[in-house]
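Asker: Next come the chains, spelled out residue by residue.
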Amino acid sequence: MIPQAPILAIVVPLFSAFLMPMIGLLSKRYNIDRACDWFAVAAMVGTLIVVASMAPTVWGGQIIVYKFGDWSPPWGINLAIDALSIQMALMIAGLGTLVMVYSVAYMQRDSRRDLFYTLALLVITGMMGTILTGDIFNFYVFLEIMSVASYALIAFRRDSSGIEAGLKYLFIGSLGTSFVLLSIAMLYSFVGSLNIADLGAKLAIYRGAAQPVPTILVASLALFVTGIMIKVAMVPFHIWLPDAFTAAPTAVSALLAGPAAVVGIYWVARLPYLPFGLPVGIILVSLGLLSMIVGVLMALTQRDFKRMLAYHVISQKGYMVLGIGLGTLGSVLGAQGGLFHLLNHSIYKSMLFMCAGAVLYRTGSQKFEELGGLGKNMPLTALTFLIGSLAISGIPPLNGFVSKYTIYLGGIEAGLPIVTIIAVLVSALTFASFFKAFSSVFLGQRPKHLRDIQEAPKLMLFPMLAMAVVCIVIGLFPALGFNVVGPAQAAAENSAGYIGHVIGGI
Amino acid sequence: MSLNYVIAMLLITLGLYCLLFKRNLIKLIIGLSVMTDGIHLFLISMGYRTGGIAPIVTGESTSNLPNFASRAVDPLPQALVLTSIVINICITAMALSLSIYAYRHYGTLDPSKIRRLSE
Amino acid sequence: MTIIVRTTSRLLFPFIFLFGVYIVLHGHLTPGGGFPGGVIIAASVVMLILAYGIERAQQRVSILQAEMLDIIGSATIAVIGILGILLGAYFLQNVFPLGELGKLFSAGNLALLYIGVGLKVTASILLIFYAMLSD
Amino acid sequence: MVELVWDPIVVTTAILLGSLVAYIILMIGHKITKPRLTPEKLKTYACGEELKPEETHMDSEQFFSPIRRIFRPFYRYIQPAHTGVLSTYLLWVVVGFIIIVIIIMLTVR
Chain F
1 MIPQAPILAI
11 VVPLFSAFLM
21 PMIGLLSKRY
31 NIDRACDWFA
41 VAAMVGTLIV
51 VASMAPTVWG
61 GQIIVYKFGD
71 WSPPWGINLA
81 IDALSIQMAL
91 MIAGLGTLVM
101 VYSVAYMQRD
111 SRRDLFYTLA
121 LLVITGMMGT
131 ILTGDIFNFY
141 VFLEIMSVAS
151 YALIAFRRDS
161 SGIEAGLKYL
171 FIGSLGTSFV
181 LLSIAMLYSF
191 VGSLNIADLG
201 AKLAIYRGAA
211 QPVPTILVAS
221 LALFVTGIMI
231 KVAMVPFHIW
241 LPDAFTAAPT
251 AVSALLAGPA
261 AVVGIYWVAR
271 LPYLPFGLPV
281 GIILVSLGLL
291 SMIVGVLMAL
301 TQRDFKRMLA
311 YHVISQKGYM
321 VLGIGLGTLG
331 SVLGAQGGLF
341 HLLNHSIYKS
351 MLFMCAGAVL
361 YRTGSQKFEE
371 LGGLGKNMPL
381 TALTFLIGSL
391 AISGIPPLNG
401 FVSKYTIYLG
411 GIEAGLPIVT
421 IIAVLVSALT
431 FASFFKAFSS
441 VFLGQRPKHL
451 RDIQEAPKLM
461 LFPMLAMAVV
471 CIVIGLFPAL
481 GFNVVGPAQA
491 AAENSAGYIG
501 HVIGGI
Chain B
1 MSLNYVIAML
11 LITLGLYCLL
21 FKRNLIKLII
31 GLSVMTDGIH
41 LFLISMGYRT
51 GGIAPIVTGE
61 STSNLPNFAS
71 RAVDPLPQAL
81 VLTSIVINIC
91 ITAMALSLSI
101 YAYRHYGTLD
111 PSKIRRLSE
Chain P
1 MTIIVRTTSR
11 LLFPFIFLFG
21 VYIVLHGHLT
31 PGGGFPGGVI
41 IAASVVMLIL
51 AYGIERAQQR
61 VSILQAEMLD
71 IIGSATIAVI
81 GILGILLGAY
91 FLQNVFPLGE
101 LGKLFSAGNL
111 ALLYIGVGLK
121 VTASILLIFY
131 AMLSD
Chain C
1 MVELVWDPIV
11 VTTAILLGSL
21 VAYIILMIGH
31 KITKPRLTPE
41 KLKTYACGEE
51 LKPEETHMDS
61 EQFFSPIRRI
71 FRPFYRYIQP
81 AHTGVLSTYL
91 LWVVVGFIII
101 VIIIMLTVR
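Chains as they are written, first to last, in the numbering used here: chain F, 1 to 506; chain B, 1 to 119; chain P, 1 to 135; chain C, 1 to 109.
Heads up, a few of these hints could be off.
Label pairs and their in silico Cβ distance ranges [unchecked claim]: (1) Pro97(P) with Trp75(F): 17 to 27 Å; (2) Tyr48(B) with Leu18(P): 24 to 34 Å; (3) Pro97(P) with Phe21(B): 52 to 62 Å; (4) Gln62(C) with Val6(B): 51 to 61 Å; (5) Gly192(F) with Leu82(B): 14 to 24 Å; (6) Ile70(C) with Trp75(F): 28 to 38 Å; (7) Phe435(F) with Arg36(C): 48 to 58 Å; (8) Asp110(F) with Leu18(P): 39 to 49 Å; (9) Lys103(P) with Ser111(F): 43 to 53 Å; (10) Leu82(B) with Leu98(P): 54 to 64 Å; (11) Ile30(B) with Gln454(F): 18 to 28 Å; (12) Val5(P) with Arg49(B): 37 to 47 Å; (13) Ser160(F) with Ala89(P): 49 to 59 Å; (14) Gly88(P) with Val57(B): 16 to 26 Å.
Simulated from the structure, these hints should not be mistaken for laboratory data. Ideal placement from N, C-alpha and C gives every residue a C-beta, glycine not left out.
My request is simple: use the sequences and hints to build the entire structure.
Answerer: Here it is as structure tokens:
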């Protein structure tokens with residue numbers, strides 16, 4: 001482990017974001033093209049190295065506790081990194097690096113790219129912070145950093161649809177974060193602590209229905225769940241997501257669909273055990289089922305490429321929440337499947353958005369009606385899109401199948417076969433919807449004005465192909481994924497170990 | 001003391017009402033701020049104790065630390081509120097600038113008319 | 001604006017500015033610190049903007065200068081934080097002499113941290129106003 | 001036995017072999033009967049009207065109209081509910097919150 005690695009994982013993107021305007025000024029002064037772009041990529045690679053250096057220690061069964069300013073845990077702010085956090089951190093850093101490489105090519109027509117990279121690195125900082133922190137108010141602060149930066153990123157091009165989507169996300173998201181703040185305030189007034197491990201230890205007496213749960217705790221839990229579900233975009237709270245993903249620049253859509261999905265799911269996985277420890281399985285399962293069905297049915301009739309992908313994000317996140325919910329109802333396979341699906345989905349959904357972005361970059365259109373026959377012009381993009389759409393529909397040799405199959409088994413294991421049936425049906429509808437997308441964009445008649453379209457730039461193709469290779473590799477060797485997800489699921493359930501490590505200061 | 005909590009809840013409810021039923025983006029932003037201020041009031045009154053003193057360590061208080069600790073109000077909620085106020089400023093500034101752009105593009109501040117993205 | 005507003009704001013400006021500087025510098029001793037102090041300093045400049053218009057203000061402090069101020073503020077925080085890692089054991093750990101309780105030069109890195117925060121907040125709020133008022 | 005069937009490499013090999021067999025059958029079929037293409041066979045039939053290739057693009061919203069018929073209540077009520085009005089969406093959030101409170105009240109006791 002690199003010394004000081006936990007804090008460096010947050011500090012490297014944060015201070016790179018601070019330095020970015022200066023680099024923008026310098027590069028303008030000395031006429032260095034693309035200095036900002038490569039600095040952002042370098043910052044992300046640095047973050048990835050720092051995070052990866054922590055992984056062996058954590059998978060060795062240790063929980064890294066980092067104390068700010070040497071104040072010990074219940075009083076000071078601390079970072080606590082267990083196997084669940086490290087899975088999420090690795091995903092954020094890895095996918096974030098690929099998205100940055102993609103945006104080097106995608107954003108090259110925009111002006112003020114230094115501001116774009118500042119905001120993107122701030123989003124990465126916020127995500128890193130939310131998953132590494134061991135203090136619940138610190139979590140709120142990082143959540144707000146991430147949210148405010150992403151509102152600005154969505155409206156980055158300042159066109160009418162971007163502004164509208166940014167406004168909608170801002171109001172709905174701020175309502176959600178103020179719910180989280182109110183929940184934290186209630187929790188603090190009831191327990192008198194903000195440390196997650198300390199809260200978990202003090203609230204443990206309400207686990208297992210030994211004592212009646214006080215009303216303020218119920219209100220706090222409901223507010224927290226609502227706030228998190230707005231970030232995850234489960235169905236009654238999902239409405240910001242399609243607008244935002246449609247209107248944002250595609251690099252931002254990929255950033256929000258891949259890495260940023262992690263934050264919400266991390267808290268969904270953490271929530272049933274820490275800090276509340278109250279049963280939320282029924283809520284998770286019902287919200288997951290609802291999102292799966294509504295998401296896929298809405299996606300079937302979309303005319304817009306990115307909007308269809310956005311509705312599939314909702315549907316696939318439903319699978320994850322469903323799997324984790326089944327995990328709290330007594331099915332280990334379900335929870336593992338949920339976390340595994342998060343890993344797979346982040347990879348292939350980022351890739352699919354990148355394909356849509358490549359098409360949009362070359363043709364200037366994201367409507368199905370105006371596209372067609374691009375398979376001859378952009379064969380590699382078509383190939384990656386095909387791999388992605390087969391993966392998301394759960395076709396066997398690819399990674400989506402493994403995780404979906406695990407969730408199906410989890411449904412049977414938890415004694416709810418009806419859930420499995422619905423999940424299989426939704427998967428079939430997903431395939432139908434992607435069939436439509438592939439045939440409308442890459443097959444069929446090619447309109448005359450698209451005759452001279454070229455293949456996407458190499459810098460865009462590189463992350464897409466890398467992700468496609470990862471999809472196939474995980475599909476062929478699922479043990480690779482389970483080696484990451486298994487410890488993560490065990491760590492999420494092992495709240496006593498977490499509390500012992502943090503409070504006991506082992 | 002319980003009056004504080006009543007007013008805090010009243011502010012939160014008022015903010016929520018404003019957010020749900022007003023048809024002007026500026027009023028929605030005001031509603032959001034009022035709601036957050038209600039939460040801040042809730043936090044601040046939680047750390048308050050009747051007849052408490054400011055939790056600032058000075059020369060006098062170090063001589064009698066137990067007395068100081070038993071009378072000082074809880075400083076943590078104040079720190080939380082300070083942080084939260086700063087965050088709220090960011091959100092308000094962001095919302096106002098987005099509203100300016102929305103007005104330029106749509107010519108209105110009515111959220112029911114800013115709806116080019118739907119279904 | 002009328003001449004009354006202009007004169008009053010010009011007369012008031014140094015006092016408000018000085019008060020803001022006081023709040024920033026005494027952040028580690030009395031209530032206040034970088035955030036409130038920075039906002040007060042920025043408010044004094046915003047008052048001038050309201051009285052004299054955005055152009056006059058930008059002649060004094062251009063957008064570029066405000067951005068530079070912003071970068072200097074954040075760089076100060078970064079350097080103090082990284083000093084804690086290099087010389088001590090933890091991020092933001094105090095590596096300066098603590099000094100005597102109640103004196104201006106005390107509390108180790110807190111005072112320097114507040115100056116950095118104050119610069120950053122001042123510059124950020126000015127930038128927000130510039131961005132909203134211009135173009 | 002179950003492990004063998006769900007071993008992804010075995011399944012992938014099986015899929016690839018299956019596609020190969022299908023391709024061979026297709027090729028044999030092509031060899032036996034040569035297709036005789038006439039211009040009339042390649043034309044899109046649209047009640048006698050002349051269509052340019054660009055106009056034959058399918059309406060993506062109606063691509064799966066049978067599914068729209070099956071889930072008619074959904075497409076009649078839920079899809080139009082995505083109105084794009086911010087106030088309605090905020091109302092959804094609050095209603096969802098109230099439902100979550102009720103579910104937690106019922107399950108936690």
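Asker: Now, for every hint given, state plainly whether the structure supports it.
Answerer: Going through the hints against the structure:
1. Pro97(P) with Trp75(F): 17 to 27 Å: For Pro97(P) and Trp75(F) the Cβ distance comes to about 24 Å; the hint holds.
2. Tyr48(B) with Leu18(P): 24 to 34 Å: 32 Å, holds
3. Pro97(P) with Phe21(B): 52 to 62 Å: 58 Å, holds
4. Gln62(C) with Val6(B): 51 to 61 Å: 56 Å, holds
5. Gly192(F) with Leu82(B): 14 to 24 Å: 19 Å, holds
6. Ile70(C) with Trp75(F): 28 to 38 Å: Violated, since Ile70(C) and Trp75(F) (Cβ atoms, about 59 Å apart) do not stay within the stated range.
7. Phe435(F) with Arg36(C): 48 to 58 Å: For Arg36(C) against Phe435(F), whose Cβ atoms are near 30 Å apart, the range 48 to 58 Å is violated.
8. Asp110(F) with Leu18(P): 39 to 49 Å: 42 Å, holds
9. Lys103(P) with Ser111(F): 43 to 53 Å: 49 Å, holds
10. Leu82(B) with Leu98(P): 54 to 64 Å: 24 Å, violated
11. Ile30(B) with Gln454(F): 18 to 28 Å: Violated - the Cβ-Cβ distance for Ile30(B) and Gln454(F), about 50 Å, lies outside 18 to 28 Å.
12. Val5(P) with Arg49(B): 37 to 47 Å: 44 Å, holds
13. Ser160(F) with Ala89(P): 49 to 59 Å: 52 Å, holds
14. Gly88(P) with Val57(B): 16 to 26 Å: For Gly88(P) and Val57(B) the Cβ distance comes to about 22 Å; the hint holds.
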